[in-house]
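A.B. asks: Please work from the sequences and hints to get the whole structure.
Number of protein chains: 2
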Amino acid sequence: MRMIRSLCEKKFRDELGLFTVEGEKMVAELADSGLETVMIVRREDVGEKVMERISSCNTPSPVLAVVRKPAPASHSASGLCLALDSVRDPGNMGTILRLADWFGLDCVFASPDSVEVFNPKVVQASMGAIFRKKLIYCDIAAKCKEFRAAGLEVFGTFLNGDNIYEASLPAEGLIVLGNESNGISNAVASECSRRLTIPTFGGGAESLNVSVAAAITVSEFKGHGGWK
Amino acid sequence: MRMIRSLCEKKFRDELGLFTVEGEKMVAELADSGLETVMIVRREDVGEKVMERISSCNTPSPVLAVVRKPAPASHSASGLCLALDSVRDPGNMGTILRLADWFGLDCVFASPDSVEVFNPKVVQASMGAIFRKKLIYCDIAAKCKEFRAAGLEVFGTFLNGDNIYEASLPAEGLIVLGNESNGISNAVASECSRRLTIPTFGGGAESLNVSVAAAITVSEFKGHGGWK
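Chains A and B, in that order, give the protein sequences.
Numbering of the first sequence is given in our numbering, commencing with residue 6 and proceeding in unit increments.
Numbering of the second sequence is given in our numbering, commencing with residue 6 and proceeding in unit increments.
Each hint should be verified, as a subset may be incorrect.
Claimed, not checked - Covered stretches of chain A (chain B as the covering partner; in silico rule of three or more C-beta atoms under 8 Å from a C-beta of chain B):
(1) 51 to 62
(2) 175 to 185
(3) 210 to 216
(4) 220 to 230
Since the hints were made in silico from the structure, they are not lab data.
For glycine and all other residues, C-beta sits at the position ideal for the given N, C-alpha and C.
C.D. replies: As structure tokens, this is what we get:
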């Protein structure tokens, strides 16, 4: 049980190559995920106290699975993909994966300093999307170069870009999202071939949450792009 | 200091009519908010240990303000507004307020069983939007009736509605968002005059996070609606 508890920490997830999944629904989805389930612990077998000890949720769920991390995936510069440039909040990362799953994006890339995808809060917020979407850690500036070399555009969201509601958006390309506080880094910004802006409408807010900006941008590409 | 610490709990916020705001940026924005600041506590004055004790953040910020709750606001059935039907997660509520601020919505209504707007996590996630946007707790089904009586439409997001990307969306109306797990309640659903759907694009996800659904819906109304 101590081993399971240790998986709340990245250090031990890395060392053991394992992570945890909690909740009936997510554990049920594991069966179709192709991932190797090492162990399943149920409250009815071990009792409430043990579940509280091994869970990383505030309210421990009735079931927890220990799962082997998949081998790193790969993805060529093709399709419509997201690139996360230093997204640090696990809730945002999980929400963005869920969004990528809903909109059938081809892949999500993340810079090595982004939050780890096997963090229990990412797993939870993704609502199972981590079983279905490829998340690849890599150098985002280099990935932008690859997309451009493949003849595709690289889109960044900035405060001074083209109005996204009036922009012509292709079916393929790379959409870059930046850090919660600092936005897209300079190294990555200089690799963006097009700058997009979600205009404000008389509001006092200075910015949008990154998963909200991701949602609006991806929605524009899938709902209003492609055929423009 | 014990009084400040107690404001992490709703019971004491209600009893004292006070709440806390943390962070340099948010405390600076208080000055223009019209709210009464009762006390400001700075790390440089009280030390790290005290800040840790009174803060509700994992990483205590260098400054914390104790603020008097404003009197409940009111808003007639007009403009473009959101209605939250039992939104429970503080991060979602804060993110939705920030979104409402960015897009200049007129008001946000919330059912009494939604999370409390002065919860420190809501305040934090709103990034100051709680100082600028009206958030009114009320019966959502009754509010829907009011909007319809004023000749406006009430929009709900459902899995079996009209494709939002093809729908004609007016400049004014009420957009209803439902609970994280259960969606819009039956009592409120029956008051919606139009059902909208954000279509999925071959993904495996069963649903979207409520703040993501709010973002996409509001973005459609403001970016593509109004003049249709």
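A.B. asks: All hints are to be evaluated individually against the structure, with a verdict given for each.
C.D. replies: Results for each hint:
Interface restraint, the segment 51 to 62 of chain A with chain B: violated (0 residues with C-beta to C-beta distance below 8 Å; minimum three). Counting residues of the segment 175 to 185 of chain A whose beta carbon lies closer than 8 Å to any beta carbon of chain B gives 0, which falls below the threshold of three, so the coverage claim is violated. Residues of the segment 210 to 216 of chain A lying with their CB closer than 8 Å to a CB of chain B number 6, which satisfies the three-residue condition for coverage. For the segment 220 to 230 of chain A, the stated coverage by chain B holds: 7 residues have a C-beta nearer than 8 Å to a C-beta of that chain, and at least 3 were required.
Hint compliance for this structure: hints 1 and 2 are not met, and every other hint is.
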